[in-house]
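Protein sequence lines correspond, in order, to chains A and B.
Following the UniProt record's numbering, the residues of the first sequence are numbered contiguously, the last one being 273.
Following the UniProt record's numbering, the residues of the second sequence are numbered contiguously, the last one being 319.
Derived from the structure by calculation, the hints contain no laboratory data.
There may be inaccurate statements among the hints.
Stated by the list, open to error - Cut-off 30 angstroms, straight-line C-alpha distance, at most; resulting in silico cross-link-like pairs (DSBU-like, lysine-lysine):
| hint | chain 1 | residue 1 | chain 2 | residue 2 |
| --- | --- | --- | --- | --- |
| 1 | B | K50 | A | K132 |
| 2 | B | K156 | B | K185 |
| 3 | A | K270 | A | K254 |
| 4 | A | K106 | A | K45 |
| 5 | A | K228 | B | K156 |
| 6 | A | K132 | B | K43 |
| 7 | B | K318 | B | K279 |
| 8 | A | K132 | B | K156 |
Unchecked claim - A few chain B residues that don't get close to chain A, going by computed Cβ distances all over 12 angstroms:
| hint | residue |
| --- | --- |
| 9 | D6 |
| 10 | G71 |
| 11 | G75 |
| 12 | A92 |
| 13 | E94 |
| 14 | A98 |
| 15 | Y102 |
| 16 | E104 |
| 17 | V107 |
| 18 | T247 |
| 19 | D298 |
| 20 | E305 |
Built from N, CA and C at the ideal position, the CB exists for glycine as well.
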Amino acid sequence: MNTHDLQTIANRIRRRDLQAVFDAGAGHIGGELSVIDLLTALYFKIMSVDPDDPLAPDRDRFVLSKGHTALALYTVLAEKGFIQKDEISTFLKPHSRLNGHPNRTKVPGVETNTGPLGHGLPIAVGMAMAAKLSGASWRTFVITGDGEMQEGSNWEAIMSAAHFQLGNLSLIIDHNRLQQGARLEETNDIAPFRPKLEAFGWTVEEIDGHDMDQICAALASVSITTNKPKCIVAHTNKGHGVSFMSDNVAWHHKVPNESQYKQAMAELEKAAP
Amino acid sequence: MNATFDTAKLHDCRDAFVGALEQLGAANEHIVAVCNDSVGSSKLAGFRDKFPDRLINVGIAEQNMVGVGAGLANGGKIPFVCAASPFLTGRALEQIKADVAYSEANVKLVGISSGLAYGELGATHHSIEDFAWVRALPNVPVVAPADRNETAAAIKWAADYQGGLFLRLSRVGVPDLFPEDHVFKPGQANLLRSGSDVTIIANGTLTYRAMIAAEMLDLQGISARVLNMATVRPIDTPSIVNAATETGAIVTCEEHTVYGGLGSAVAEVVVDECPVPMKRLGVPGIFAPTGSANFLLDEFGMSPEGIAGSTADLLKRKG
Numbered sequence: 001m002n003t004h005d006l007q008t009i010a011n012r013i014r015r016r017d018l019q020a021v022f023d024a025g026a027g028h029i030g031g032e033l034s035v036i037d038l039l040t041a042l043y044f045k046i047m048s049v050d051p052d053d054p055l056a057p058d059r060d061r062f063v064l065s066k067g068h069t070a071l072a073l074y075t076v077l078a079e080k081g082f083i084q085k086d087e088i089s090t091f092l093k094p095h096s097r098l099n100g101h102p103n104r105t106k107v108p109g110v111e112t113n114t115g116p117l118g119h120g121l122p123i124a125v126g127m128a129m130a131a132k133l134s135g136a137s138w139r140t141f142v143i144t145g146d147g148e149m150q151e152g153s154n155w156e157a158i159m160s161a162a163h164f165q166l167g168n169l170s171l172i173i174d175h176n177r178l179q180q181g182a183r184l185e186e187t188n189d190i191a192p193f194r195p196k197l198e199a200f201g202w203t204v205e206e207i208d209g210h211d212m213d214q215i216c217a218a219l220a221s222v223s224i225t226t227n228k229p230k231c232i233v234a235h236t237n238k239g240h241g242v243s244f245m246s247d248n249v250a251w252h253h254k255v256p257n258e259s260q261y262k263q264a265m266a267e268l269e270k271a272a273p
Numbered sequence: 001m002n003a004t005f006d007t008a009k010l011h012d013c014r015d016a017f018v019g020a021l022e023q024l025g026a027a028n029e030h031i032v033a034v035c036n037d038s039v040g041s042s043k044l045a046g047f048r049d050k051f052p053d054r055l056i057n058v059g060i061a062e063q064n065m066v067g068v069g070a071g072l073a074n075g076g077k078i079p080f081v082c083a084a085s086p087f088l089t090g091r092a093l094e095q096i097k098a099d100v101a102y103s104e105a106n107v108k109l110v111g112i113s114s115g116l117a118y119g120e121l122g123a124t125h126h127s128i129e130d131f132a133w134v135r136a137l138p139n140v141p142v143v144a145p146a147d148r149n150e151t152a153a154a155i156k157w158a159a160d161y162q163g164g165l166f167l168r169l170s171r172v173g174v175p176d177l178f179p180e181d182h183v184f185k186p187g188q189a190n191l192l193r194s195g196s197d198v199t200i201i202a203n204g205t206l207t208y209r210a211m212i213a214a215e216m217l218d219l220q221g222i223s224a225r226v227l228n229m230a231t232v233r234p235i236d237t238p239s240i241v242n243a244a245t246e247t248g249a250i251v252t253c254e255e256h257t258v259y260g261g262l263g264s265a266v267a268e269v270v271v272d273e274c275p276v277p278m279k280r281l282g283v284p285g286i287f288a289p290t291g292s293a294n295f296l297l298d299e300f301g302m303s304p305e306g307i308a309g310s311t312a313d314l315l316k317r318k319g
């Protein structure tokens, strides 16, 4: 799939995500818009996964550690065919399996339940170890938020991944500079990530997390080192694609009113190729 | 029926645990052990020597340890995640909830040196809340074997069981109560001694103490039934209902706080199904003082004499 096709899919997913947040009256629109390009590249270019056989033993594994952006994952899974597209309209409704954080036992394509922050990377370390122990070639990918990297459990996992030489593990940090209530630099400014990860023995690549060519190149199997886990620091914009949401901490989980919704949708449609 | 036992021969259940794990590991290459710098205290050196690739020591990092277990299970492995129980359960409780219980991951959590085993080290190292913490979570059986044969049997069951579970072991010596070929049945209590006046329900290191207490009561003309209730969740409701209706009074003994553990689980059934007088023995909601596990159990009224005394007192409340 070429760059233009991937961008087209990502833009379609952005619009569907926005509509679902507006309809449900809830969601985490800012972080969803920042992570959708990364998810699109993973599911439509990089990973080997089969919607008809979601638990195939040799599938690549993906963990959305920033689980509050579940809706972005659901729209990607629907676009890929793991769930029906019209099911997105049930998001957050009573008894919907699409609750606010991903659930493995309910939603095909979800590998582990996430929600509380700092859980995904340790699990991904275990997945990568399992592949290594089995001599299997499947890869493990995990996306964390940049604010989420304040959780100490991530650094426990970072040490482990390097120690166990997990070259089959790729961590993508969605570096949108904003957390729930403040800018990263105003709370516990953990950036820059590169020197810290490198000091722990990882290879690190920094990219524009909205540039599809850069994303795909950084995630490609040829770009990984055999015995070192890889961290991709993806510089993104929270609320990417919507002018009044972009880089604005107020839009972590704010719901647009009708006029804001129309403007946001118009901007996303204009951006659609 | 009365089970026999020899208190001159005490065994460390950890040896039975690693013996069973090494046997299982030889038969199934998917079995792995995960630990937190606890190769010594979890007695995993033999497993490491036999299967060096399958002993995953993540260092002093319990949250990562449980997450790694969940990831290994996702990749088709059968991880036995071993650590001192206070840190396994307390430090990684949210990982146990989200990554294991809620995700229905096939992770075997083994809490070593549970209860008051680290008595002298102080209350930070006592694991007397673990039943309560883990029992509150869906999908995770909570098991405390009473001797080495029940430990080995429970480990064999755990390897076959599809799903997460928490198994709690002590390091304090206990005599054999079960035969070597004992088969563990989750959620099912074992009748170790028949009795008609009162039932003593215990597990872990307390079961043999309860048996001695029952012998003492027998000399006083009190017929005490003894149930070993290794599985705290799911609790064996029929055995509790039978005990309440047939003996009319129940005493529980556990190496745990009286809040939220075995006694609470039994009391919940009794209140709902068959109210009778009850006494819950355990740590009475305080941080325990310094002393060995056996000293502290005695101190909190769980010497055989203490259990017998509380049981005889309870009978005065029987209608």
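Results for each hint:
no.: 1; hint: B:K50 to A:K132; verdict: holds (19 angstroms)
no.: 2; hint: B:K156 to B:K185; verdict: holds (11 angstroms)
no.: 3; hint: A:K270 to A:K254; verdict: holds (22 angstroms)
no.: 4; hint: A:K106 to A:K45; verdict: holds (25 angstroms)
no.: 5; hint: A:K228 to B:K156; verdict: violated (36 angstroms)
no.: 6; hint: A:K132 to B:K43; verdict: holds (25 angstroms)
no.: 7; hint: B:K318 to B:K279; verdict: holds (12 angstroms)
no.: 8; hint: A:K132 to B:K156; verdict: holds (26 angstroms)
no.: 9; hint: D6; verdict: holds (42 angstroms)
no.: 10; hint: G71; verdict: violated (2 angstroms)
no.: 11; hint: G75; verdict: violated (2 angstroms)
no.: 12; hint: A92; verdict: violated (9 angstroms)
no.: 13; hint: E94; verdict: violated (5 angstroms)
no.: 14; hint: A98; verdict: violated (6 angstroms)
no.: 15; hint: Y102; verdict: violated (5 angstroms)
no.: 16; hint: E104; verdict: violated (5 angstroms)
no.: 17; hint: V107; verdict: violated (9 angstroms)
no.: 18; hint: T247; verdict: holds (41 angstroms)
no.: 19; hint: D298; verdict: holds (39 angstroms)
no.: 20; hint: E305; verdict: holds (46 angstroms)
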